[in-house]
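Enquirer: Read off the chains here:
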Amino acid sequence: MDCCMGPNNPQSKEERITALIQTYQIPLKRMCCVWLKDAALAEDATQETFLKAYAALSDFRGECSEKTWLIRIAVNVCRNLRRGWWLAHVDRSVEIERLPEAVVPFEYKDGSLIDTVAALPLRLREITLLYYFQDMNMSEISQALDISVSTVSRRLEKARKQLRAQLEKEELA
Amino acid sequence: MTDQQIRQALHEALDRRLSGMQEDPFLAPRVLAGTKGEKPMKKKLSLSLAVALALILMASVALAAGLGVFDKLAERFD
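In the order they appear, the protein sequences are chains P and F.
Letter by letter, the first sequence follows residues 1 to 173 of the working numbering.
Letter by letter, the second sequence follows residues 174 to 251 of the working numbering.
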């Protein structure tokens with residue numbers, strides 16, 4: 001259910017963006033963290049996403065859900081950040097110790113599953129995060145990434161194989 | 174292993190391991206300030222700024238060495 005979108009919403013733009021920030025900031029930040037493999041950059045990406053969302057708020061016509069719309073913006077922000085020289089040339093394989101300190105207990109397998117996702121090639125990683133973490137369906141992912149549904153399906157199958165193998169390995173351990 | 178099981182495992186792993194990434198109470202004010210024309214403060218020194226500062230520092234040291242500033246300083250301390 002959208003929290004603040006729709007053409008007839010009486011709220012001001014400021015109230016709408018504040019509601020979006022309250023609803024989506026944590027899942028977006030966590031997604032950007034695994035996407036970019038960098039917690040500080042993920043904070044910047046989240047802020048940039050909401051700034052762009054504010055600028056485009058009046059153009060949103062509700063053709064998709066506000067979540068799909070926001071994620072599409074976040075995807076572009078993350079892709080632009082990754083196009084920067086540093087991220088394009090430096091191997092930033094995620095080091096679990098460098099992630100922000102967890103405030104709830106976690107198991108070793110949580111870290112290795114995140115490592116597996118982070119180690120996926122970018123095309124598979126984005127599909128994985130959107131399908132399994134953001135609970136988007138293939139059609140929504142196709143809209144957000146601007147690729148065909150069959151491409152989404154093909155990439156998802158490849159990612160699924162790798163994730164399944166990792167999870168089954170963890171189960172056996 | 175079904176899609177639902179993979180989804181649940183990934184949700185739990187991300188939510189637990191990244192639980193340190195909490196809500197930032199200053200994000201909304203920063204975004205609103207940014208929309209009013211104030212440049213939102215970034216948390217990190219950008220790479221280009223860091224490189225520019227390093228280059229300025231190196232150029233200053235090279236210039237100082239070229240002008241013999243270090244020799245003069247050494248003479249003064251001797």
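Among the hints, a few may not be true.
Derived lysine-lysine pairs resembling PhoX-like cross-links, with alpha carbons at most 25 Å apart [unchecked claim]:
#	chain 1	residue 1	chain 2	residue 2
1	P	K13	F	K209
2	P	K52	P	K13
3	P	K52	P	K109
4	P	K52	F	K209
5	P	K158	P	K109
6	P	K169	P	K158
Quick caveat, the hints were computed from the structure, so don't treat them as lab data.
Enquirer: P/K52 and F/K209: Cα distance at most 25 Å?
Expert: Since the Cα atoms of P/K52 and F/K209 sit roughly 13 Å apart, the hinted pair holds (cutoff 25 Å).
Enquirer: Checking one constraint from the list: CA of P/K13 to CA of F/K209, max 25 Å. Satisfied?
Expert: Measuring from Cα to Cα gives roughly 12 Å; hence the hint holds.
Enquirer: Straight-line Cα separation of P/K52 and P/K109 no greater than 25 Å?
Expert: violated, 36 Å
Enquirer: With a cut-off of 25 Å on the C-alpha distance, tell me whether P/K52 and P/K13 pass.
Expert: holds, 13 Å
Enquirer: Is P/K158 within 25 Å of P/K109, Cα to Cα?
Expert: Since the Cα atoms of P/K158 and P/K109 sit roughly 21 Å apart, the hinted pair holds (cutoff 25 Å).
Enquirer: Assess, step by step, whether the Cα of P/K169 is no farther than 25 Å from the Cα of P/K158, and give holds or violated.
Expert: At roughly 17 Å apart (the allowed maximum being 25 Å), P/K158 and P/K169 satisfy the hint.
In terms of the numbered hints stated before, the structure departs from hint 3 and from no other.
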